[in-house]
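J.: Residues per chain, in single letters:
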Amino acid sequence: MKDDNISQLSAKQICKMLDGVLVGPETIAVKGIATLADATTFDISFLGNDKYRKQVLTSKSAIVLVPHNFVTPPPENRAWIKCDNPSEAFIEITQKFNSYQYIPACGIHDSASIHHSVAIGNNVHIGAAVILEENVKIGCESVIEAGSYIGPNSQIGEHCRIHPNVTIRERSIIGQRVIIHSGTVIGSDGFGYINSSDGHKKIPQSGVVQIDDDVEIGANVTIDRARFDKTWIKRGAKIDNLVQIGHNVIIGENVIIVAQAGVSGSVDIGNNVIIAGQSGVVGHLKIGEGAILMAKSVWSRDAEPGVAYCGYPAVPRQTFWKQAAAVQKLPELLKRVKSLEKEIEEMKQAAD
Amino acid sequence: MKDDNISQLSAKQICKMLDGVLVGPETIAVKGIATLADATTFDISFLGNDKYRKQVLTSKSAIVLVPHNFVTPPPENRAWIKCDNPSEAFIEITQKFNSYQYIPACGIHDSASIHHSVAIGNNVHIGAAVILEENVKIGCESVIEAGSYIGPNSQIGEHCRIHPNVTIRERSIIGQRVIIHSGTVIGSDGFGYINSSDGHKKIPQSGVVQIDDDVEIGANVTIDRARFDKTWIKRGAKIDNLVQIGHNVIIGENVIIVAQAGVSGSVDIGNNVIIAGQSGVVGHLKIGEGAILMAKSVWSRDAEPGVAYCGYPAVPRQTFWKQAAAVQKLPELLKRVKSLEKEIEEMKQAAD
Amino acid sequence: MKDDNISQLSAKQICKMLDGVLVGPETIAVKGIATLADATTFDISFLGNDKYRKQVLTSKSAIVLVPHNFVTPPPENRAWIKCDNPSEAFIEITQKFNSYQYIPACGIHDSASIHHSVAIGNNVHIGAAVILEENVKIGCESVIEAGSYIGPNSQIGEHCRIHPNVTIRERSIIGQRVIIHSGTVIGSDGFGYINSSDGHKKIPQSGVVQIDDDVEIGANVTIDRARFDKTWIKRGAKIDNLVQIGHNVIIGENVIIVAQAGVSGSVDIGNNVIIAGQSGVVGHLKIGEGAILMAKSVWSRDAEPGVAYCGYPAVPRQTFWKQAAAVQKLPELLKRVKSLEKEIEEMKQAAD
Numbered sequence: 022m023k024d025d026n027i028s029q030l031s032a033k034q035i036c037k038m039l040d041g042v043l044v045g046p047e048t049i050a051v052k053g054i055a056t057l058a059d060a061t062t063f064d065i066s067f068l069g070n071d072k073y074r075k076q077v078l079t080s081k082s083a084i085v086l087v088p089h090n091f092v093t094p095p096p097e098n099r100a101w102i103k104c105d106n107p108s109e110a111f112i113e114i115t116q117k118f119n120s121y122q123y124i125p126a127c128g129i130h131d132s133a134s135i136h137h138s139v140a141i142g143n144n145v146h147i148g149a150a151v152i153l154e155e156n157v158k159i160g161c162e163s164v165i166e167a168g169s170y171i172g173p174n175s176q177i178g179e180h181c182r183i184h185p186n187v188t189i190r191e192r193s194i195i196g197q198r199v200i201i202h203s204g205t206v207i208g209s210d211g212f213g214y215i216n217s218s219d220g221h222k223k224i225p226q227s228g229v230v231q232i233d234d235d236v237e238i239g240a241n242v243t244i245d246r247a248r249f250d251k252t253w254i255k256r257g258a259k260i261d262n263l264v265q266i267g268h269n270v271i272i273g274e275n276v277i278i279v280a281q282a283g284v285s286g287s288v289d290i291g292n293n294v295i296i297a298g299q300s301g302v303v304g305h306l307k308i309g310e311g312a313i314l315m316a317k318s319v320w321s322r323d324a325e326p327g328v329a330y331c332g333y334p335a336v337p338r339q340t341f342w343k344q345a346a347a348v349q350k351l352p353e354l355l356k357r358v359k360s361l362e363k364e365i366e367e368m369k370q371a372a373d
Numbered sequence: 022m023k024d025d026n027i028s029q030l031s032a033k034q035i036c037k038m039l040d041g042v043l044v045g046p047e048t049i050a051v052k053g054i055a056t057l058a059d060a061t062t063f064d065i066s067f068l069g070n071d072k073y074r075k076q077v078l079t080s081k082s083a084i085v086l087v088p089h090n091f092v093t094p095p096p097e098n099r100a101w102i103k104c105d106n107p108s109e110a111f112i113e114i115t116q117k118f119n120s121y122q123y124i125p126a127c128g129i130h131d132s133a134s135i136h137h138s139v140a141i142g143n144n145v146h147i148g149a150a151v152i153l154e155e156n157v158k159i160g161c162e163s164v165i166e167a168g169s170y171i172g173p174n175s176q177i178g179e180h181c182r183i184h185p186n187v188t189i190r191e192r193s194i195i196g197q198r199v200i201i202h203s204g205t206v207i208g209s210d211g212f213g214y215i216n217s218s219d220g221h222k223k224i225p226q227s228g229v230v231q232i233d234d235d236v237e238i239g240a241n242v243t244i245d246r247a248r249f250d251k252t253w254i255k256r257g258a259k260i261d262n263l264v265q266i267g268h269n270v271i272i273g274e275n276v277i278i279v280a281q282a283g284v285s286g287s288v289d290i291g292n293n294v295i296i297a298g299q300s301g302v303v304g305h306l307k308i309g310e311g312a313i314l315m316a317k318s319v320w321s322r323d324a325e326p327g328v329a330y331c332g333y334p335a336v337p338r339q340t341f342w343k344q345a346a347a348v349q350k351l352p353e354l355l356k357r358v359k360s361l362e363k364e365i366e367e368m369k370q371a372a373d
Numbered sequence: 022m023k024d025d026n027i028s029q030l031s032a033k034q035i036c037k038m039l040d041g042v043l044v045g046p047e048t049i050a051v052k053g054i055a056t057l058a059d060a061t062t063f064d065i066s067f068l069g070n071d072k073y074r075k076q077v078l079t080s081k082s083a084i085v086l087v088p089h090n091f092v093t094p095p096p097e098n099r100a101w102i103k104c105d106n107p108s109e110a111f112i113e114i115t116q117k118f119n120s121y122q123y124i125p126a127c128g129i130h131d132s133a134s135i136h137h138s139v140a141i142g143n144n145v146h147i148g149a150a151v152i153l154e155e156n157v158k159i160g161c162e163s164v165i166e167a168g169s170y171i172g173p174n175s176q177i178g179e180h181c182r183i184h185p186n187v188t189i190r191e192r193s194i195i196g197q198r199v200i201i202h203s204g205t206v207i208g209s210d211g212f213g214y215i216n217s218s219d220g221h222k223k224i225p226q227s228g229v230v231q232i233d234d235d236v237e238i239g240a241n242v243t244i245d246r247a248r249f250d251k252t253w254i255k256r257g258a259k260i261d262n263l264v265q266i267g268h269n270v271i272i273g274e275n276v277i278i279v280a281q282a283g284v285s286g287s288v289d290i291g292n293n294v295i296i297a298g299q300s301g302v303v304g305h306l307k308i309g310e311g312a313i314l315m316a317k318s319v320w321s322r323d324a325e326p327g328v329a330y331c332g333y334p335a336v337p338r339q340t341f342w343k344q345a346a347a348v349q350k351l352p353e354l355l356k357r358v359k360s361l362e363k364e365i366e367e368m369k370q371a372a373d
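Protein chains in written order, with this note's numbering: chain A, 22 to 373; chain Y, 22 to 373; chain U, 22 to 373.
Hint data in this document are derived by calculation from the structure and do not stem from the laboratory.
Please read all numbers here as calculations on a predicted model, not as lab measurements.
Idealized CB from N, CA, C, for every residue including glycine.
A few of these clues could be false.
Lysine-lysine pairs mimicking DSS-like chemistry, simulated, CA-CA at most 30 Å apart [to be verified]:
hint	chain 1	residue 1	chain 2	residue 2
1	U	K81	A	K223
2	A	K363	Y	K343
3	A	K81	Y	K223
4	Y	K52	Y	K72
5	U	K359	Y	K81
6	U	K103	U	K33
7	U	K363	Y	K369
8	A	K37	Y	K222
9	U	K363	Y	K350
10	Y	K33	Y	K81
11	U	K363	A	K350
12	U	K103	A	K222
13	Y	K343	A	K356
14	A	K223	U	K223
15	Y	K33	Y	K103
16	U	K350	Y	K350
17	A	K363	A	K343
18	U	K350	A	K343
19	A	K81	Y	K81
20	U	K158	Y	K52
21	A	K72	Y	K251
22	Y	K117	U	K33
23	A	K359	U	K359
24	A	K158	Y	K222
25	U	K350	A	K350
26	U	K307	Y	K75
Not everything, but these chain Y residues come out facing chain U in the computed CB check (under 10 Å) [stated by the list, open to error]:
hint	residue
27	D59
28	S66
29	T115
30	G128
31	H130
Input sequences plus hints: build the corresponding full structure.
T.: Here it is, written out as structure tokens:
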């Protein structure tokens with residue numbers, strides 16, 4: 022529990038960490054991080070986007086990370102640290118302020134229910150009321166927080182963080198450095214029935230879910246187990262809250278899926294695809310590498326690599342905006358056509 | 022546990038509570054509440070909407086709350102109670118039937134895991150398998166139901182109701198009389214990455230979530246913690262099930278957000294705004310006080326105060342309906358234009 | 022725990038189970054199930070759809086269930102089993118491979134919190150950290166998995182499967198053979214307020230949720246309790262993940278609701294209706310038996326029995342596709358009308 026152990030860092034220390042160039046007094050110290058707009062005189066901030074350039078001077082922040090081309094000198098009692106990429110440098114500094122990151126201590130809580138066959142690595146945290154079923158494996162340095170359930174024969178890699186009240190069903194395979202947020206369900210049954218004369222008959226969902234290294238999954242997400250084989254989230258994919266992933270879906274490397282989007286069964290999504298919020302993908306499609314689906318849109322056909330799509334059904338973005346602009350002109354267009362019809366009628370009568 | 026302790030109330034008692042005017046026998050008694058359509062002879066009901074006027078006479082309900090202008094007398098063995106606002110009066114009566122409201126008894130369940138540093142007010146219920154981490158504070162008269170998790174340094178005000186299996190992460194600040202339904206996650210990390218050469222790099226989410234007095238939050242909702250500072254739900258806001266609130270969002274006082282809607286990061290929503298079901302708000306927008314977003318629509322630009330919007334992208338409601346009506350005429354319009362083209366061709370040929 | 026007890030079945034055994042006709046060696050044995058495309062030489066597969074006919078021969082699967090009209094003989098070391106309905110036969114076989122289905126052993130875990138008034142049938146599993154409140158009833162052969170909460174006076178029928186971390190609030194009525202997946206919340210309060218001068222005033226939600234026999238409900242679903250009376254999911258309905266069901270809704274028998282769809286309060290949905298993913302239904306509507314709502318569409322008016330609807334607001338499917346096709350022609354139509362206007366202007370000038 023390091024949650025209120027606020028540390029302090031001087032401009033000199035930070036400059037050394039970042040291998041930057043200090044402009045201003047090296048003794049200035051900060052206790053926290055903030056945006057330029059919100060900073061107090063105890064905060065460090067950064068200039069990540071040129072449009073906020075003016076805020077560097079008006080901000081109260083004691084230290085600002087700036088790019089090398091920022092030449093205005095700092096006012097009294099403030100300092101700049103020039104660095105190659107202020108945004109990335111800021112992340113590095115943020116991580117030094119451990120006080121903002123709650124990291125549970127190693128150890129196994131008395132109230133956890135752990136089957137005798139479970140294998141647990143070194144330096145692991147198992148929280149209160151955690152349930153680890155038969156043959157579960159937990160890798161070194163992983164944190165399984167309170168109330169989480171891990172089903173039989175599932176394995177969690179090293180350096181993972183499973184937040185409170187997560188459900189990971191049987192035979193799931195989770196890689197290294199995976200983060201799963203609260204309320205998420207991994208390995209629920211895929212949605213499949215055969216319609217028979219006495220109602221819908223459940224198709225057994227016998228496969229698993231596999232989640233590769235460096236994946237992060239938001240809160241209250243659902244990822245269904247495969248009918249056979251596996252539902253597969255590949256390395257580096259990032260999934261936001263309340264997303265639905267159907268059975269047998271493949272999510273490529275470094276894919277981004279924003280909140281409340283849904284991917285139907287057996288879709289194959291290439292690497293580096295971006296699926297924006299509240300959008301959907303119809304089942305069994307193939308989505309090319311780097312394709313983009315805009316917010317609240319629906320892919321109902323295969324998507325070309327690298328193309329951005331929008332609308333329902335989704336079409337390439339430029340086409341969508343042309344259509345949307347045209348729809349806004351529609352009420353006026355109806356009037357114009359009516360007036361044309363009238364003119365032609367008049368011309369015909371005049372001709373007669 | 023008062024759950025099956027059904028009480029009984031007479032027309033005389035109810036009339037006195039409501040300061041109403043009784044028409045009919047004062048000894049008639051009821052044991053429960055129901056709509057006019059569903060009521061049995063042991064129920065009280067109400068006329069809340071003029072279109073149900075005829076149902077007052079055909080209903081079986083023993084007692085009906087009616088407005089003062091309802092002049093038809095009750096049949097034998099039934100009674101009317103005339104009052105200023107039958108809908109509000111009915112809520113008051115409903116609350117007398119404690120039997121329908123499950124209120125857990127005060128006390129701390131043996132199976133709860135409570136850190137020794139936790140501060141708990143008087144008359145509190147802490148359910149089975151609840152987890153209260155370091156430095157948590159629980160206000161007087163609050164109910165924390167079974168399986169809920171409250172992270173380090175979080176505080177819950179007085180008279181709150183946290184339903185079973187809620188997750189409230191570290192450093193959350195919850196006001197007075199707040200209700201949070203099951204499965205909801207408060208304080209999950211905001212969704213933010215910097216795209217680097219070796220994949221997406223997580224931006225630390227160092228802020229908190231603050232929820233003010235009299236807020237109610239539905240089931241399986243997700244509210245992300247801020248990158249810095251706070252995600253802020255202001256006094257009296259009501260949020261339905263499966264809603265997503267991104268990091269650094271501000272939700273104004275008495276805002277209504279209906280099920281499955283989503284609000285992207287850093288949106289600032291004014292007081293009394295209404296966001297209907299399955300709608301979405303793009304990031305960084307400012308939504309004027311009292312604006313309305315209709316169901317399944319998307320605000321992609323700032324919204325004017327008091328204006329109702331609809332569609333994707335959302336436009337003022339009247340504009341949307343004109344466009345929607347025009348779209349329905351489109352197939353016919355295509356034919357009309359084709360026929361105009363033909364006529365002009367014929368006229369030109371005739372002219373040659 | 023039968024999870025890694027892989028059994029093996031011979032062609033002879035399977036043929037006998039299915040009362041099929043074996044073509045090929047009866048000693049061939051399989052250890053698992055797979056699609057034709059994914060199968061190894063240890064798997065059994067099936068031909069469920071004529072379009073995969075060619076895959077039967079190219080597949081590696083040792084045994085394939087085929088229809089009687091499949092006449093091509095199997096290659097060496099492979100076998101066909103001819104049967105009336107290969108899809109249904111395959112489900113039957115899948116269920117023989119118990120190794121793929123995790124069924125927790127009977128018994129009550131020490132860490133469960135069970136009120137002394139609870140009535141539990143024979144051969145029941147009550148998992149770790151389960152909470153059963155006052156007067157709960159659990160039917161024979163039911164499985165209540167770890168971390169699930171069942172509120173006061175709720176009853177669960179026989180042969181039910183409640184997966185880990187489910188929340189079932191007070192007075193819920195669950196039938197026989199009901200399956201509920203993790204994270205789902207049954208009986209949260211309906212979303213109802215009366216707008217008063219000092220903010221929104223909560224309308225008590227005094228009803229219950231009733232779920233009839235053979236219903237399956239996915240993960241992280243929310244089903245609200247009724248204002249009065251009941252929210253009612255009828256026999257055989259199947260509900261996918263992240264679906265929202267409002268208060269007082271009636272879901273007919275064998276209805277299918279796909280992921281992330283939402284049904285507003287007091288909607289009455291007839292039997293055999295299909296509601297596709299991410300679609301929505303406006304409150305108080307009546308949906309005729311067998312009607313279909315396509316993905317991401319919204320019913321804003323009552324729906325006719327047996328008709329398929331699409332769009333926002335939803336119109337009959339054929340109308341929608343005509344409109345969608347017309348919208349795609351809109352930008353071109355604008356040009357055509359402009360050119361007509363120009364021609365008429367020229368004709369008028371020529372006439373002058």
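J.: So, for every hint listed, does it hold in this structure?
T.: Evaluation of the provided hints:
Note on U/K81 and A/K223: the hinted pairing holds, with a Cα-Cα distance of about 26 Å set against a maximum of 30 Å. Distance hint between A/K363 and Y/K343 is fulfilled; the C-alpha atoms sit about 22 Å from each other, no more than 30 Å. Taking the CA atoms of A/K81 and Y/K223, the gap is about 26 Å. The hint holds against a cut of 30 Å. Restraint check: the Cα-Cα separation between Y/K52 and Y/K72 comes to about 26 Å, which is no more than 30 Å; the hinted pair holds.
Restraint check for U/K359 and Y/K81: the C-alpha separation of about 66 Å exceeds 30 Å, so the hint is violated. For the suggested pair U/K103 and U/K33, the alpha carbons sit about 12 Å apart, so the restraint of at most 30 Å is met. Proximity of U/K363 to Y/K369 is assessed by CA-CA distance (about 13 Å); at most 30 Å being required, the pair is judged to hold. Straight-line distance between C-alpha atoms of A/K37 and Y/K222 comes to about 22 Å, which keeps the hinted pair within the 30 Å bound.
In summary, the hint linking U/K363 to Y/K350 is supported, as the alpha carbons are separated by about 24 Å, within the 30 Å threshold. For a cut-off of 30 Å, the pair hint linking Y/K33 to Y/K81 stands: about 19 Å separates their Cα positions. Taken as a hint, the U/K363 and A/K350 pair is honoured in the structure, with Cα atoms around 18 Å apart against an allowance of 30 Å. For the suggested pair U/K103 and A/K222, the alpha carbons sit about 21 Å apart, so the restraint of at most 30 Å is met.
Of the supplied pair hints, the one linking Y/K343 and A/K356 holds, its CA atoms being roughly 12 Å apart against a limit of 30 Å. Restraint check for A/K223 and U/K223: not satisfied, since their Cα atoms lie roughly 40 Å apart, outside the 30 Å limit. In summary, the hint linking Y/K33 to Y/K103 is supported, as the alpha carbons are separated by about 12 Å, within the 30 Å threshold. Pair hint U/K350 plus Y/K350 holds up; C-alpha atoms about 13 Å apart against a cutoff of 30 Å.
Restraint check for A/K363 and A/K343: satisfied, since their Cα atoms lie roughly 28 Å apart, inside the 30 Å limit. Pair hint U/K350 plus A/K343 holds up; C-alpha atoms about 10 Å apart against a cutoff of 30 Å. Restraint check for A/K81 and Y/K81: the C-alpha separation of about 69 Å exceeds 30 Å, so the hint is violated. Straight-line distance between C-alpha atoms of U/K158 and Y/K52 comes to about 25 Å, which keeps the hinted pair within the 30 Å bound.
A hinted pair counts as satisfied when its Cα atoms are at most 30 Å apart, and A/K72 with Y/K251 qualifies at roughly 23 Å. At most 30 Å may separate the alpha-carbon atoms for a hinted pair to count; Y/K117 and U/K33 exceed this at roughly 69 Å. Distance hint between A/K359 and U/K359 is fulfilled; the C-alpha atoms sit about 13 Å from each other, no more than 30 Å. With a C-alpha separation of about 27 Å, the suggested pair A/K158 and Y/K222 falls inside the 30 Å cut-off, and the hint holds.
Taking the CA atoms of U/K350 and A/K350, the gap is about 13 Å. The hint holds against a cut of 30 Å. Proximity of U/K307 to Y/K75 is assessed by CA-CA distance (about 21 Å); at most 30 Å being required, the pair is judged to hold. Because the closest C-beta pair between Y/D59 and chain U is about 5 Å apart, less than 10 Å, the hint holds. Given the 10 Å rule on beta carbons, the hint for Y/S66 holds: about 9 Å separates it from the nearest Cβ of chain U.
Below 10 Å, beta-carbon pairs count as interface contacts, and Y/T115 has one with chain U at about 5 Å; its hint therefore holds. Using the Cβ-Cβ criterion of 10 Å, the hint placing Y/G128 at the interface with chain U is not satisfied: the shortest such distance is roughly 13 Å. The beta carbon of Y/H130 comes within 7 Å of a beta carbon in chain U, closer than 10 Å, and the hint placing it at the interface holds.
Against the hints set out earlier in the document, violations occur for numbers 5, 14, 19, 22, 30.
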